[in-house]
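*Asks:* Sequence:
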Amino acid sequence: VVVDEDLGLSGTSAKERQGFQKMVAEVSLGRVGLVMGLEVSRLARNNADWQRLLELCAMTETLILDEDGLYDPSSFNDRLLLGLKGTMSEAEIHLLRARLRGGILNKARRGELRLPLPVGYVHDGGEKMVLDPDERVRDSVRHLFVTFDRTGSAYAVVREFRSKGLLFPSRERGASPSKPPCWLPLDHHRVLEVLHNPRYAGAFVYGETRSRKDPITGRYVTRRLPREEWTVFLPGSHVPYVPWPQYLRNQERLTENAAAHGSDRRHGPPRTGPALLQGLVVCGRCGNRMTVRYHRRHAGLAPTYYCMREGIESASAPCLVIPGTGVDRVIGDLLLESVTPLHVAVTEEVFQEIRARREEVVRLHRERLEQAKHEAEVAQRRFLRVNPDNRLVADTLEREWNGALQQVRKAKEECEKFSHEEQKTLTPEEETRIRQAIVRFREVWEDPRTPFEDRKRMVRLLLEDVTLVRQDEVVAKVRFKGGATVELTVPILPAKNEWFRTPEETLARIRELSKEMTADAMALRLEAEGVRSVHGRPFTRTSIHQLRSKYRIPGPRSYWRSQGCLTAKEMAAQLKVTADTVERWGREGKLKTRSYDEKGRAVYEPPGEVGPVKWSNLRKAKVDGQNPSVALPEVQYAR
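Take 1064 as the starting number for the sequence shown in my numbering and just add one per residue.
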């Protein structure tokens, strides 16, 4: 049986070598009597695989034959010799790898190692990297870096390209450099690949990543090394698209824009939320970065800053929670005091940048249109040169020509669209108004049409971070870019359940008036005194009853009862009359009444030694000759 399935495969591992595995299986089953090869030690460059094969051959009494002789693995001397050959074979592959590795490193240290080129570069006649001669490719790469420098976010770069209908070049791995690139819509991972690649900064780099094979899955895991651990780093080895300092700034911005994981990542890019200090707030207790949450308030979003790092780790409550509306307002006032008005010259630079940005987009679309026309002309010439009788080829070339013409039409429409938008320049009156607005920085800042992202970018130009500590008030320690610090205090807003709490002064006045007044009379008195509810409305009978019930304020009945007043039944029992008589005496004024509600119900002050007497009782007393003092019509009360 000839085993030739493993041709072209390395013998360092038996995992992918189907022929070797088949041979080992046949030997272990005892179906093989002799294993032959020119150099049998090269069956396996791994000593473990080789020793396993020798052990199986010894167990099944299988012989091994090569150009040096016949070996019996069951014999100690032969097995020792075969083991030595296997060790030397393994050492040989190690030496070969070391020599190849050394040659690669030597060439890399000279900057002459040919590596896959990033988009935007090609090799000249020798080994040197030069810029791509295709002007459209160069302009697209430059536009990516310019857009990131302006927006500060890889996502914003993707949004810019897609909103403007711009495509980005891409080459298939292993494709010939002479092959034209593919033009595809820009993706987020593609932007990160370009921004993280140091070769765009003119540096030749080798060994910036390290791959390690997972022993379980067998897959290689690649991780990026810090710049200090790169094997070869040769700055200025070729023409860059961006200078090296700008590349370093881009890496810092990408690190800051990363998600909130890891101690070196502080804040993300400015987003659309109203939180002014998003990504800049640091907890004054634990030092971790605080996150932002929003809640609805008055048909808008109000931010709240949370320190959740320890809470997430230990499933506990947040370390610090601070309402963000007041903090943002104080920081905004600080910036308005710190920033001086911008000059008109800066305004002119802004206008020039806007014009240059529009012209760049139009130029990229025109280059795309020119390339589409060139491809259509090439397709047309190919179609016209073909033999019309060869319909299979002619039909294919005709479809390619039609597809190229469709690309020309599409590119022309987009070019005309953006050219028309570019012509919409600002009028002199609009430019004058914008200049005045820029000089008046406060108006620009307070203008509700100013996007939240722009306000956050202004903040990040001046502030490094803001540390918040919650005491009786919120203490904000502001650190500027230059290192200067300012400490501000922000009053703590009351809790939501305290927003509509009646002030203590109003409650005290209601307690005082509740002793003698009904709810209607009290409402009139409070209205005359100018006292209103927390909602700014006058008090009513219902609202006063609600406050009495909520805060357990006693009404007039309880007060007068505590002062000794009696009910109608109690007074009737004392005077030995009916309750109806007591109520009639109260209406006639013979008894002093204290009204306690709006229905006219009342309690009665107890009389002194002399009280009212019914006429029938008075006449009976005169007839019987009793004490005439009971006939006095005037009721006496104790003073």
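These are computed hints drawn from the structure, not numbers from a lab. These numbers come from a predicted model, not from an experiment. Do not take every clue at face value.
25 Å max Cα-Cα, derived PhoX-like pairs, lysine-lysine [said to hold, decoys possible]: (1) Lys-1475 x Lys-1436; (2) Lys-1662 x Lys-1632; (3) Lys-1148 x Lys-1078; (4) Lys-1480 x Lys-1544; (5) Lys-1578 x Lys-1662.
Here are the computed distance ranges between Cβ atoms for each label pair [claimed, not checked]: (6) Leu-1255 x Arg-1356: 26 to 34 Å; (7) Leu-1133 x Arg-1162: 47 to 55 Å; (8) Asp-1528 x Val-1441: 54 to 62 Å.
We put the CB at the ideal spot given by N, CA and C, even for glycine.
*Asks:* Each hint needs a verdict: does it hold in this structure or not?
*Replies:* Hints, one by one, checked against the model:
no.	hint	verdict
1	Lys-1475 x Lys-1436	10 Å, holds
2	Lys-1662 x Lys-1632	18 Å, holds
3	Lys-1148 x Lys-1078	22 Å, holds
4	Lys-1480 x Lys-1544	42 Å, violated
5	Lys-1578 x Lys-1662	17 Å, holds
6	Leu-1255 x Arg-1356: 26 to 34 Å	28 Å, holds
7	Leu-1133 x Arg-1162: 47 to 55 Å	33 Å, violated
8	Asp-1528 x Val-1441: 54 to 62 Å	57 Å, holds
In terms of the numbered hints stated before, the structure departs from hints 4 and 7, listed from lowest to highest.
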